[in-house]
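Each protein sequence line maps, in turn, to chains A and B. Counting from 1, one number per residue, gives the positions in the first sequence under the numbering used here. Counting from 115, one number per residue, gives the positions in the second sequence under the numbering used here.
If you're looking for bench data, these hints aren't it; they were derived computationally from the structure. Be aware that one or more of the hints could be misleading.
Claimed, not checked - Ranges between beta-carbon positions, derived for each pair:
#1 A:Arg84 <-> B:Arg195: 20 to 30 Å
#2 B:Arg195 <-> A:Thr72: 36 to 46 Å
#3 A:Pro30 <-> B:Thr127: 41 to 51 Å
#4 A:Leu20 <-> B:Gln155: 39 to 49 Å
#5 B:Leu228 <-> A:Pro40: 17 to 27 Å
#6 B:Thr226 <-> A:Gln42: 18 to 28 Å
#7 A:Ile60 <-> B:Lys129: 40 to 50 Å
#8 A:Pro30 <-> B:Glu216: 15 to 25 Å
#9 B:Ser210 <-> A:Met83: 32 to 42 Å
Glycine included, each C-beta is placed from N, C-alpha and C at the ideal position.
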Amino acid sequence: AQSVTQLGSHVSVSEGALVLLRCNYSSSVPPYLFWYVQYPNQGLQLLLKYTSAATLVKGINGFEAEFKKSETSFHLTKPSAHMRDAAEYFCAVSEGRDNYQLIWGAGTKLIIKP
Amino acid sequence: GAGVSQTPSNKVTEKGKYVELRCDPISGHTALYWYRQSLGQGPEFLIYFQGTGAADDSGLPNDRFFAVRPEGSVSTLKIQRTERGDSAVYLCASSSGPGWGELFFGEGSRLTVL
Chain A
1 AQSVTQLGSH VSVSEGALVL LRCNYSSSVP PYLFWYVQYP NQGLQLLLKY
51 TSAATLVKGI NGFEAEFKKS ETSFHLTKPS AHMRDAAEYF CAVSEGRDNY
101 QLIWGAGTKL IIKP
Chain B
115 GAGVSQTPSN KVTEKGKYVE LRCDPISGHT ALYWYRQSLG QGPEFLIYFQ
165 GTGAADDSGL PNDRFFAVRP EGSVSTLKIQ RTERGDSAVY LCASSSGPGW
215 GELFFGEGSR LTVL
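All chains should be modelled from the sequences, with the hints used to inform the complete structure.
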């Protein structure tokens, strides 16, 4: 069965510092992987997705994620954090393009310190 | 409207009561999804509609939960004989087709059962 593990329910970084949010998955087939972001009082929004093309995926707002099959990881990074990045981030996996069921991690709340 | 709209945004009810939650998807989106998000967890799949029909309702927790989408647009999630354990944020999402993973979410309906 698929599962997603996000390490750290809360991550705190200083403004301007590197952001690293971890996501590990388990899947019996090559997965499709997603990061969604939820800003306060807003709905979930797609940040980026991996669909078996380039392993380094660039998303909105300067975020990117790298698919590492050997590590079953899809960690999210941003070189320099901004206050506006404060939000909750969710990693999700589906088993292929035609599988509509996403399996979600528990989320990581990113806190930006001034 | 431009995005997915969910009403009510907040609903407080008493144990045993009946509740309806409404979702108005993005115009033209054929796929509609309901998820439930409990505190500290990621979204949990409930049901998926393709057009008017429920293509997969395997995530509905029991027969107290039911959802309809009679005209292939607006959907209503219905919960009978509510229990305290039903308290959660109910998320609706739509997409232009199944399996794309690019779900567009509403802000959710927060249900509190006293």
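Comparing the hints with the structure gives:
no.: 1; hint: A:Arg84 <-> B:Arg195: 20 to 30 Å; in the structure: violated, 43 Å
no.: 2; hint: B:Arg195 <-> A:Thr72: 36 to 46 Å; in the structure: holds, 41 Å
no.: 3; hint: A:Pro30 <-> B:Thr127: 41 to 51 Å; in the structure: holds, 43 Å
no.: 4; hint: A:Leu20 <-> B:Gln155: 39 to 49 Å; in the structure: violated, 22 Å
no.: 5; hint: B:Leu228 <-> A:Pro40: 17 to 27 Å; in the structure: holds, 25 Å
no.: 6; hint: B:Thr226 <-> A:Gln42: 18 to 28 Å; in the structure: holds, 20 Å
no.: 7; hint: A:Ile60 <-> B:Lys129: 40 to 50 Å; in the structure: holds, 42 Å
no.: 8; hint: A:Pro30 <-> B:Glu216: 15 to 25 Å; in the structure: holds, 19 Å
no.: 9; hint: B:Ser210 <-> A:Met83: 32 to 42 Å; in the structure: holds, 33 Å
Hint check: violations occur at hints 1, 4; the rest are consistent with the structure.
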